[in-house]
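Colleague: Protein chains in written order, with the working numbering: chain A, 1 to 175; chain D, 1 to 135.
Just so you know, the hints here were simulated from the structure itself, not pulled from any lab data. Treat the hints with care, since some could be wrong.
As the list claims (entries may be wrong) - Computed footprint of chain A on chain D, listed as stretches where at least three residues anywhere in the stretch have a Cβ under 8 Å from a Cβ of chain A:
1) 49-58
2) 65-76
3) 92-102
As the list claims (entries may be wrong) - Listed next, with one range per pair, are the computed distances between beta-carbon atoms:
4) D:ILE120 x A:GLU163: 44 to 54 Å
5) A:ARG172 x D:ALA121: 27 to 37 Å
6) D:ASP34 x A:ARG172: 49 to 59 Å
All residues carry an ideal CB built from backbone N, CA and C; glycine is no exception.
Letter by letter, the chains look like this.
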Amino acid sequence: MKRALLWLPLLLFAGLFALVGFGLLKPANRTVRSALTDKPLPDFTLPALLPGKPGVAKNGYGGGQPRLLNVFASWCLPCKAEAPQLMRLKALGVPIDAVATNDTADGMRDFLATYGDPYQRIGDDKASKVQIALGSSGVPETFLIDGRGRIVMQHVGDIRADEVDGIVAAWRAAK
Amino acid sequence: MAGSEVRRALIALALIAAPAWAQQSSLADVQLRDPAKEAQAKALMATIRCVECQGQSVGDSDAAIAGSMRSVIRERIQAGETPDHVRAWLIERYGDYITYDPPLGAMTWPLWLAPVVLLIAGAAIARSSFRKKGR
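Isolated chain A, as found in the complex:
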C-alpha cells in the first residue's frame, strides 16, 4: 500500500503534464457567443440611418415571419466580403435588417452603392448600445429571429458562400 502511494505524486504530475500539453496543442475556441440565443429579442429602438429606409426596433419582430438581423458597419472589411452572400440570401427571399454600428450616412450610402443593398431596414446604432444589448462582440454578426420574436441562431463573423444554404434552411425552420 505504502509503496504504491509513492508513485502517486509522479502520476499526478503526469496527469497535469498531459492536461497542459493537450491545452497547448488544441487552443480553446475564443469566440464569444451571445447568451441570448433561444431567448426573446431584447427591447430596443434604433432610428433610421438613411432617409427612405426605416430604422429597426423590437416590435418589428415576432409577427410570424422570421428575419435576419445583421450587425455590421460600412467601415468593416469582412462586411464587404460578406455582402455578396447577403445579396444571395435576399434573392432567395430571406428578409434582412441591419444594425449599423458606429456608422455615418455617407459611409453607408457609399457601401450600399458599391456592394449592393440587401437590407429592408437599417438602424443607426451610434454608440454600439444595441450591439451590446444583443450580446454581440464584433462585426459582422448575424442573428436569426424567429416568427415569435426569439433569437434562434447567432452567426459570428462573415457568412461564407458555403454557409448560405444552411442559413436559408435555418430561416425556413424558424417559421
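Let chain A serve as the given structure and place chain D on it in line with the hints.
Modeller: Then chain D, alone, in the frame of chain A:
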C-alpha cells in the same frame, strides 16, 4: 485688436458649447461628475473582460467595443444602477465569460471550493508530519 476679440469670442463660445457636446457624446472616456459613482464604474470596468482583445479588461482596452462598454457602464451607474446589477445585465448578454469575478454556480463551484479544499488538505498534511517529528 479685432482679431484677438474674435478669438476671445470663439473661445467663450467653445466653452459654452463644450458641456452640451460632452453630454451628447459617449461616456467611454469621460468621467462621471459624481466621484463616488465614477469610482464604482471604474471598479466595475476593471472586472469586465473586453470581448475583442480577450486578455484585457474594458477599462484597459483601446478597442472600440470596449469603449462602448465603458460608456454603457457609466451611463447605467449614472442612472442609479448598482455595479452588481450592471454586471448581471452584461452576464445575461455575454455569459460568465464577460466577468473576471465569476459568480458561484454549477460550473464555477470547483473554482471557489478548490483553494479551501487545498488549504485544509495542506493543514492536515502539515499537522500529521509535525506530529511524527515530535515523537
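Colleague: Three residues or more, CB to CB closer than 8 Å: is that satisfied between the segment 92-102 of chain D and chain A?
Modeller: holds (count 6)
Colleague: I want to verify a distance hint. Is the separation of the beta carbons of ILE120 of chain D and GLU163 of chain A within 44 to 54 Å?
Modeller: holds, 51 Å
Colleague: Between the segment 49-58 of chain D and chain A, see if three or more residues pass the 8 Å beta-carbon test, and mark the coverage as holds or violated.
Modeller: As far as the segment 49-58 of chain D goes, the hint holds, because 3 residues have Cβ atoms under 8 Å from chain A.
Colleague: Could you see if the CB distance from ARG172 of chain A to ALA121 of chain D stays within 27 to 37 Å?
Modeller: Given a distance of about 56 Å, which is not inside 27 to 37 Å, the answer is violated.
Colleague: That 49 to 59 Å hint for ASP34 of chain D and ARG172 of chain A (C-beta), does it hold up?
Modeller: holds, 52 Å
Colleague: Closer than 8 Å Cβ to Cβ for three or more residues is the test here. Does the segment 65-76 of chain D pass it with chain A?
Modeller: Satisfied; 5 residues make the cut.
In summary, the one numbered hint that this structure violates is 5.
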